[in-house]
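Asker: From first to last, the protein sequence lines stand for chains A, B, C and D.
Note that my numbering has the first sequence beginning at 628, numbered continuously upward.
Note that my numbering has the second sequence beginning at 628, numbered continuously upward.
Note that my numbering has the third sequence beginning at 628, numbered continuously upward.
Note that my numbering has the fourth sequence beginning at 628, numbered continuously upward.
Everything labelled a hint here was simulated from the structure, so no lab data went into it.
Some clues are possibly wrong.
Rough simulated footprint, nothing fancy, chain A against chain C, three-plus residues with beta-carbon under 8 Å [said to hold, decoys possible]:
#, stretch
1, 653-665
2, 813-825
Simulated pairs of lysine-lysine, DSS-like, Cα-Cα distance not exceeding 27 Å [as the list claims (entries may be wrong)]:
#, chain 1, residue 1, chain 2, residue 2
3, D, Lys952, B, Lys769
4, D, Lys938, D, Lys952
5, A, Lys952, B, Lys896
Every residue, glycine too, gets a C-beta built ideally from N, C-alpha and C.
There are 4 protein chains.
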Amino acid sequence: MSSKLGTLFRVTTFGESHGKGVGAVVDGCPPGLSIGEKDIQPQLDRRRPGQSRLATDRNEADQVTILSGVENGRALGSPIAMCVANKDQRPGDYVDMRSIPRPSHADYTYQAKYGIRTMSGGGRSSARETIGRVAAGAIAEKFLFEDYGIEIVAWVTSVGTIVAADVDETRISRKQVDDTAVRCPAKKVAEQMIRAITDAKEANDSLGGIVSCVCRNVPAGLGEPVFDKLEARLAHAMLSIPATKGFEIGSGFAGSRMTGSTHNDPFVKKEDGLGTASNYSGGVQGGISNGEPILFRVAFKPPATIGKAQKTVDFAGNEVTLEAKGRHDPCVVPRAVPIVETMAALVIADLALQQRSRGITE
Amino acid sequence: MSSKLGTLFRVTTFGESHGKGVGAVVDGCPPGLSIGEKDIQPQLDRRRPGQSRLATDRNEADQVTILSGVENGRALGSPIAMCVANKDQRPGDYVDMRSIPRPSHADYTYQAKYGIRTMSGGGRSSARETIGRVAAGAIAEKFLFEDYGIEIVAWVTSVGTIVAADVDETRISRKQVDDTAVRCPAKKVAEQMIRAITDAKEANDSLGGIVSCVCRNVPAGLGEPVFDKLEARLAHAMLSIPATKGFEIGSGFAGSRMTGSTHNDPFVKKEDGLGTASNYSGGVQGGISNGEPILFRVAFKPPATIGKAQKTVDFAGNEVTLEAKGRHDPCVVPRAVPIVETMAALVIADLALQQRSRGITE
Amino acid sequence: MSSKLGTLFRVTTFGESHGKGVGAVVDGCPPGLSIGEKDIQPQLDRRRPGQSRLATDRNEADQVTILSGVENGRALGSPIAMCVANKDQRPGDYVDMRSIPRPSHADYTYQAKYGIRTMSGGGRSSARETIGRVAAGAIAEKFLFEDYGIEIVAWVTSVGTIVAADVDETRISRKQVDDTAVRCPAKKVAEQMIRAITDAKEANDSLGGIVSCVCRNVPAGLGEPVFDKLEARLAHAMLSIPATKGFEIGSGFAGSRMTGSTHNDPFVKKEDGLGTASNYSGGVQGGISNGEPILFRVAFKPPATIGKAQKTVDFAGNEVTLEAKGRHDPCVVPRAVPIVETMAALVIADLALQQRSRGITE
Amino acid sequence: MSSKLGTLFRVTTFGESHGKGVGAVVDGCPPGLSIGEKDIQPQLDRRRPGQSRLATDRNEADQVTILSGVENGRALGSPIAMCVANKDQRPGDYVDMRSIPRPSHADYTYQAKYGIRTMSGGGRSSARETIGRVAAGAIAEKFLFEDYGIEIVAWVTSVGTIVAADVDETRISRKQVDDTAVRCPAKKVAEQMIRAITDAKEANDSLGGIVSCVCRNVPAGLGEPVFDKLEARLAHAMLSIPATKGFEIGSGFAGSRMTGSTHNDPFVKKEDGLGTASNYSGGVQGGISNGEPILFRVAFKPPATIGKAQKTVDFAGNEVTLEAKGRHDPCVVPRAVPIVETMAALVIADLALQQRSRGITE
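In isolation and in its complexed conformation, chain A is listed as follows:
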């Protein structure tokens, strides 16, 4: 179990779905940063279940408390510990699934790895684990905005086979994203997505999808080749989110089908120095940000917990038919949006501090 992330902006998260609480400790937050619970709660609210009929019925306020590291609204430079209590637990929902490892869930692998697992629910593999991340990410976002003007916005690009093609990543705002319950800013496509998710829920089935993300105003120079390239750290962070299956930056997999003469981003003179005319690179060259918007996409699989009957075997190898109970999302991508933003913020904050240590004038 490794629940720590980062070299200078260091995060440790904790908490299972059904213990007393979940949370995070941020060690290395720049001192003096103006920060408080009011800066953290909004992203937790965007992440929490029960926001709309598209999400699980589990409804918790997820109110964050800062335990340390902040005084009079300013970060002291010491660890900022944050906690969110677990309240709405219904372990009974899971009891009869105890002897059956849910297909494509973490029951089997947690048992193999730890030789023990929680009596009910997903334990540490639950989506509830991401609360600590989001709380930490909100602090990273505040720092990045205050010190660099960095804006990070994610949105739903696809749900199942329904794709939103035309989103202007240079302008899109969180407000626009939140305009639809599915967090897709293309409103007509959003309606189709909502219908598809509603249909899947009624069919006791689930759907996958893709989240896109843009990070604007990231200064040139962030990323630590050769192993901690910006895209490597982003890929690491994104693939640590539950239910993710893929990551691509800039041209991504489509770029593998292009020629160099088309794919290369020519340099052009811009106001504050050089920029590029196109952005197939996705804001990163040689593992280092180049000042252009950072653009990436994350693929999410359909949630493994479905009500629909599944033929599988129990731990003893006996054939069984499983109809999962418990609350779960028919599609995770709307709620994944703030989590993707969070992970991007954590990575960029850490790399910004590392670059700052170098003393190069940006």
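Keeping the supplied structure of chain A fixed, place chains B, C and D upon it in accordance with the hints.
Answerer: Relative to chain A, chains B, C and D alone:
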């Protein structure tokens, strides 16, 4: 610059394209491992340029020397330092490109990040940097094979728009992969790929492609949630390889278009316990290996250095037309095959040692 | 601020003297370990203030709550978060010292480092910070005892110039140590120490002292040369405790005055293999435990916060006379005893897991 | 085996006494630093054996070669790999000691830890391992001097029972230190020390000693509480040097015998802000440098390898008499001087970069 990777199986690489040498130090190799230069050289030979007409003309023997950590063919448990001398340097090739940041290359971002860059060539952003990785990876592979029987095989799945669909990942071997110059085991498709690369070379252009990889016999239990999940560590490692733009595991991006009832991998009884009937998960559930083959794909962009004329600007912002000289591959994926295997081996070796520390009987 | 310790048994602590709470997250505790609040509370009770008239009057129950990572009395392998609420705060005590950096305290350096500091008290430099350590250390101790039979016992060897010479480190127990309020097992000397501390308190002054520690049943093979030698990690851990000025292992500084022929520990045959006839090495050779008891000593300075008038200057450089208020210990060594044990346990647990990953049969 | 040190200024060392070479990779050196072999060689020359009749007869030039990371005398920001060839090997000297673990040496513990050890000599536990450290330290020193004016000077304070009391640490220079073969600047005492070492050598015995060190011009603000306090990191680094048994900073163990009213360092107004009138703190308060000289001492045991006959047992438990052959120093402290300086430089450079990342104006 972060040139270290791993928590217990730790690798530090060093070396530019045009200095005295490149190499790696492996700190944490299990003592007693039978290892020697003869175990390392083959993968370096598969990586080196000049193997076929598909690769750069730069031709170096890339002979590895072990400086420490091994005695009488056995690892001592102390750091294994390895060095490969740089011989075939032609800095003159690059001199007139000095004032022009090559589009989609690392010239501009290295200058922004470090305030200095090598006088010629790519320096640390050169593909030559990967020699140290491959030398280290060969040690990891030996350990994984000896202790677990793990086999790692990568191959070229696509070059540009040419795709090899039918490859049996449960059986494919490196010998089969190396049967064609392009390292695609589907021979007819391979011929088309070779033709496409030759055409691109003649057109002074370049092509992207996709490398697939399978890791067989990985025991259940590897991966460290929540941040060092197996797929997160693999994504990190793969996106640290030069020219990569994407990573997907199991169903990947295609999985985002599926329903849960189709995507879930039902458990079935197998000889040595439970397995899964399908493998959309790609051998990983909840961030932990489940004993099934680990399957992933890596997207590579077309190389940025092309001979074809490109309109761009120099560092001062003046418009120029650039025709890059210097030696370079028209398509990197054939030589990327051993590098992808290497990075997978480094990740899995590190996670295997971490799991071993837990004392859970596998 | 770096509040993390350890590679595999990883601890992150948090909390100031005057915030909502203090605590720790233990990431990497071996799964299945039998652990609960009842295992942690005793060491916190030994650490807490108000135990006797020798300590500060600040009296807090310091009751620990486990927030995560444990279910039904067993560690799940996930992060164990622990919290102790802050209750007895009297910030008013410190208000008028705000403009004066207390001599030999952390006020001046925290301001220089972070550009900000807590309004009152020591903030993160307060002894209260050590609560998180002790909670984490209790888990490490449980693991070490269950898996290896390791016993760690510290005691007060000196207070000021009063020294307890004859303590049999092969047998001493915590019970014996706790027999006297000053935690010195040599009862007559203990009485003198108590008198000296009482005198110092009455004189509004403070006293330093030395804590000795023995770790028994540590298996041979722990310690990671060349930089993470066992003694290096112990020295690191001990010098991170507030108010420490020195560390020595085995013969220590006295060993520097000896000859090799006297200092060398000859090997002898023992029941379970080789041992040594003497133990000037202090249980460590070449940075690795040799199976003999690990013996070390830690020097503590007299507490900086004293009621006695001190001539100094304020932040503006004006000469002032300072008579510190607030509660504070006249001598920290009795309460430092469980903290020294804690830090030893954290180091040894981490090194034990690292050695276990190597798969060498002990 | 952990041969890496540092978070931002990261060092990995490699090499045994009897392999092809020893060296280090410095990852994270600030780019643009003026650095070359000429800056590194002098400290290696001060470290190397054969400098005087006080040291081992092993005589090697220990010429360093920079393999990477530097171009035209400037650090590129990429890893700086350095290698020193092993030349003067005489494995035959050790062959007949193969079955006998040398008392207080690392033979027994390396075998226990790794299940394997080098056929001859100390392998990784040899003093030759420190070459990599010193090469890396020379780079750290250059950085610290260029960017902060930091000067680090160590000297021999005692050999056996002979102590040099009066050394003015505010002025002492390396040139003064090197004036005597024993590196004690108090010339008359130095003569006694030299005689004592010569006598010990003739008696086939060895002597311990103490090295003192001062670091001047260290800015206030370095050190990362609570676990990476400056003194904790120094203690770690010093106790990782072979043959060390103790570390103390400022008042050290003597401070434990003082009262707070005497020990506290009153603040006074100085030219560039506040300073302290006395320096019992040793330049560190609350784990953070306060701008005053950093003062510490390191205790070295007498070398374990002595020619004098020792009664011990072999690995099988049979009683034997051992008269060690091979070359070895009768007293290590003169050669330890540059190693102590090195380790201090590595620690301070790493902490300086960490503080720089915080963006606090010093």
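Asker: Evaluate each hint against the coordinates.
Answerer: Each hint tested on the structure:
no.: 1; hint: 653-665; in the structure: holds (count 4)
no.: 2; hint: 813-825; in the structure: violated (count 0)
no.: 3; hint: D:Lys952 to B:Lys769; in the structure: violated (38 Å)
no.: 4; hint: D:Lys938 to D:Lys952; in the structure: holds (15 Å)
no.: 5; hint: A:Lys952 to B:Lys896; in the structure: holds (24 Å)
The structure does not agree with the numbered hints 2, 3 stated previously, though it agrees with the rest.
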